[in-house]
Amino acid sequence: MTDFLQKLRAPIGHLPESGIVELVNYGREREGLIPLWAGESDFPTPDHIMAAAISSMKVGETTYTYQRGIPELRQALARYHTRLYGQRFEMDRFYVTGSGMQAIQIAVQCIVGEGDEVIVPSPGWPNAPAAIEIAGGRPVPVPLHFSDGRWSFDLEAIAAAITQKTRAIFINSPANPTGAVLSREELLQLRDLSRRHEIWICADEVYGRFFYDGDVAPSTLEVFEPDDLLLVLNTFSKNWAMTGWRVGWIVAPPQLGQVMENMVQFSTSGVPIFSQRACVVALDEGEMFLKHQIDLATRARDLIVEGLRQSNRAIVARPGGAFYLFFGVDGETDSRALALRLVDEANVGLAPGSAFGPGGEGYLRLCFAGSLERLEQAVERLIPALK
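Using the numbering used here, the letters of the sequence shown correspond one by one to residues 1 to 387.
These aren't lab readings, by the way, just hints derived from the structure by calculation. Glycine included, every Cβ here is placed at the ideal spot set by N, Cα and C. Mixed in with the good hints there might be a few duds.
[As the list claims (entries may be wrong)] If you anchor each label on the Cβ, the simulated ranges turn out as follows: (1) L372 with E31: 16 to 26 Å; (2) N127 with M57: 26 to 36 Å; (3) D228 with Q265: 25 to 35 Å; (4) Q377 with I134: 33 to 43 Å; (5) I315 with Q258: 43 to 53 Å; (6) E31 with I54: 30 to 40 Å; (7) Y26 with Q164: 38 to 48 Å; (8) D330 with Q377: 21 to 31 Å; (9) E31 with G136: 39 to 49 Å; (10) D330 with Q258: 47 to 57 Å; (11) G13 with S147: 33 to 43 Å; (12) T82 with V59: 23 to 33 Å.
Generate the whole structure from the sequences, applying the supplied hints.
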């Protein structure tokens, strides 16, 4: 009998199953289950955003289109960033992708090859290291700090991990799953590391608007210069409840325009026009909805933190950004087994910390985006199960 796995390219055949998806598959059909394992709210995409896509389809915009993204969306992205960071951005820095995940894949494929190393703070979202492995590279995990009730990045450890094989540092701030946030001063240190060693910074800034100490989290776009080796990755999924739309973007030097166009063309051949029309409306008219989501997430963070502390077993760090609580449970060392048990006993779906790489075992990730009523019910179920 043919061993088909052995006939695949080594990194592909050896990729592990996503620990998050395993839990989703285990519990998704449970009646009444509260799913807090994925990074999305329980709100649908706002009507005015959906209406733009419907109108686009009705007038026949269902054909191939610009590989870099329609000009209207790239201009809207430039306007959005100009408003957000108070400095002028031009549309030739923005490239539309088929999801934030494709943005990551394109960035990694552009700069990582066989045997190259990429430094990745850990615990972190598992898809980024997987993208590095698929490209033939080796993710080098650097532990985050957990002390005084908060998670933080270790810039000294990141610097110490740089070798002659290092091609990039992949950062996600605010971070999934820990909520850790790089300060402006830390971003300046990161920029200096990049310049000194001539290595790329891939900055996943998906959760930049979900920041609990200001309007927007510190961004690489504020401290890096146009000549720096920087690729910024983002998505429409989180801010405007568009996870199923699968549209993201890359901020890259204009000199890479043809490269970005090629990478999109040779993978998905562009993003549907009607989806892009919806994204224009999200950027230009979605601020009220986004601020409502951020306000709810702020209140939900407090609700979840204070609620789980009542169990007397939860080890809780209040996140500085994103919309996840990454918490430990005293006496529990097998997060996968615990997450499976909570599906069975509490009918609540959480992601096991082991899915997020070294340093994640012993923790659980809870997504607190969405309605407060659903989260209150989840806490009511979790406390007796954890006790």
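Against the structure, the hints:
With their beta carbons about 22 Å apart, L372 and E31 fall inside the hinted range of 16 to 26 Å. Our hint of 26 to 36 Å for N127 and M57 holds, since their Cβ atoms are close to 30 Å apart. One distance hint, 25 to 35 Å for the beta-carbon pair D228 and Q265, holds here, with the actual separation near 26 Å. At about 39 Å, the CB distance of Q377 to I134 agrees with the hint of 33 to 43 Å.
Checked against the hint of 43 to 53 Å, the pair I315 and Q258 passes, with Cβ atoms roughly 50 Å apart. Taken as a hint, the range 30 to 40 Å holds for the pair E31 and I54, whose Cβ atoms sit roughly 32 Å apart. The hint said 38 to 48 Å for the Cβ distance between Y26 and Q164, and at roughly 43 Å that hint holds. In this structure, D330 and Q377 meet the distance hint of 21 to 31 Å, their C-beta atoms being roughly 24 Å apart.
Range check, E31 to G136: Cβ separation about 44 Å, and the 39 to 49 Å hint holds. Distance hint check: the CB atoms of D330 and Q258 are about 55 Å apart, consistent with the given range 47 to 57 Å. In this structure the hint that G13 and S147 lie 33 to 43 Å apart at CB holds, the actual value being about 39 Å. Between T82 and V59 the beta carbon distance is about 29 Å. The supplied range of 23 to 33 Å therefore holds.
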